[in-house]
Amino acid sequence: MSAVHHRETQIMLADFNKAQEVLKDKISALQILLEGTEEKLRNRESRPEDLHLIAELREMVTEREALVKKLVDDKKFYQLELVNRETGFNKVFNSSANVGVINPLIKVSGFKMLDVLIRKPPDRTFTAHGIKHTRSHCLFTSLTFDFTAVCDV
1 MSAVHHRETQ
11 IMLADFNKAQ
21 EVLKDKISAL
31 QILLEGTEEK
41 LRNRESRPED
51 LHLIAELREM
61 VTEREALVKK
71 LVDDKKFYQL
81 ELVNRETGFN
91 KVFNSSANVG
101 VINPLIKVSG
111 FKMLDVLIRK
121 PPDRTFTAHG
131 IKHTRSHCLF
141 TSLTFDFTAV
151 CDV
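Numbering of the sequence shown is given in the working numbering, commencing with residue 1 and proceeding in unit increments.
Keep in mind that a hint or two might mislead.
[Claimed, not checked] Label pairs and their calculated CB-CB ranges:
1) Leu-34 with Ile-54: 26 to 32 angstroms
2) Asp-73 with Glu-49: 33 to 39 angstroms
3) Glu-38 with Ala-14: 34 to 40 angstroms
[Stated by the list, open to error] With a cut-off of at most 25 angstroms between alpha-carbon atoms, the simulated SDA-like pairs for lysine to any residue come out as follows:
4) Lys-26 with Leu-41
5) Lys-24 with Asn-43
6) Lys-70 with Met-60
7) Lys-76 with Gly-88
8) Lys-69 with Val-83
9) Lys-91 with Glu-81
10) Lys-76 with Ala-66
11) Lys-24 with Thr-9
12) Lys-26 with Lys-40
13) Lys-91 with Phe-77
14) Lys-18 with Ala-29
Because the hints were derived from the structure by calculation, they are not lab data. Where is the CB? At the ideal position from N, CA and C, for every residue including glycine.
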C-alpha cells in the first residue's frame with residue numbers, strides 16, 4: 001500500500017506542477033497584454049470632445065488675462081488721475097484745507113449760525129490798473145454757489 005500511495009502522490013504532484021506551469025504561463029501572457037494595453041492607452045490620440053474643451057478653456061483663460069490686464073491698467077490710470085486732480089485742486093484751493101465741524105449741541109441763532117456753517121478762505125490780493133484790491137469770499141461749504149450777498153465782508 002505504501003508503493004501505491006507513493007505513486008499516487010507522485011502523480012498528484014506532477015499534475016499540480018503542470019497546473020502551476022499553465023497558470024504561470026497565463027499570468028505572464030496577461031501581464032504582457034496589460035503592458036501593451038497600458039502603452040496603447042498612454043499613446044492614444046485625444047478625443048475630439050477633449051480637444052474642443054481644451055480649446056475653449058484656453059480661450060477663456062486668454063480673455064480673463066486680457067480683462068485682468070485691462071483692469072490693472074484702468075486702476076493705474078485712475079490712481080494717476082486722482083493724484084493729478086488732487087495736485088491741481090491743491091494748487092488752486094491751497095493745500096491746507098480749513099474744514100469746519102458743526103457741533104449740533106451748541107445753541108446759536110441768527111447770523112451766528114451762518115458763521116458756523118460758512119467757511120471763509122484766505123483773502124486774495126491782486127492789482128488791477130495800478131490799484132491794489134483785496135477780494136474776500138464767503139462760501140457755504142456744502143453748496144456750490146456764492147453767499148457773498150449774505151456775508152458782509
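Structure-based check of each hint:
1. Distance hint check: the CB atoms of Leu-34 and Ile-54 are about 29 angstroms apart, consistent with the given range 26 to 32 angstroms.
2. Taken as a hint, the range 33 to 39 angstroms holds for the pair Asp-73 and Glu-49, whose Cβ atoms sit roughly 37 angstroms apart.
3. For Glu-38 and Ala-14, the hinted distance range of 34 to 40 angstroms is satisfied, since their beta carbons lie about 36 angstroms from each other.
4. With a C-alpha separation of about 22 angstroms, the suggested pair Lys-26 and Leu-41 falls inside the 25 angstroms cut-off, and the hint holds.
5. Taking the CA atoms of Lys-24 and Asn-43, the gap is near 29 angstroms; set against the 25 angstroms cutoff, the hint is violated.
6. Between the alpha carbons of Lys-70 and Met-60 the distance comes to roughly 15 angstroms, so the proposed pair stays at or under 25 angstroms and holds.
7. At roughly 18 angstroms between alpha-carbon atoms, Lys-76 and Gly-88 fall within 25 angstroms of each other, so this suggested pair holds.
8. Taken as a hint, the Lys-69 and Val-83 pair is honoured in the structure, with Cα atoms around 21 angstroms apart against an allowance of 25 angstroms.
9. Of the supplied pair hints, the one linking Lys-91 and Glu-81 holds, its CA atoms being roughly 15 angstroms apart against a limit of 25 angstroms.
10. Among the hinted pairs, Lys-76 with Ala-66 is consistent with the structure: their alpha-carbon atoms are about 15 angstroms apart, no more than 25 angstroms.
11. As the CA atoms of Lys-24 and Thr-9 are separated by approximately 22 angstroms, the hinted pair is consistent with the 25 angstroms bound.
12. About 21 angstroms separates the Cα atoms of Lys-26 and Lys-40, which keeps this hinted pair within 25 angstroms; it holds.
13. Distance hint between Lys-91 and Phe-77 is fulfilled; the C-alpha atoms sit about 21 angstroms from each other, no more than 25 angstroms.
14. Of the supplied pair hints, the one linking Lys-18 and Ala-29 holds, its CA atoms being roughly 17 angstroms apart against a limit of 25 angstroms.
Consistency with the previously given hints fails for number 5 only.
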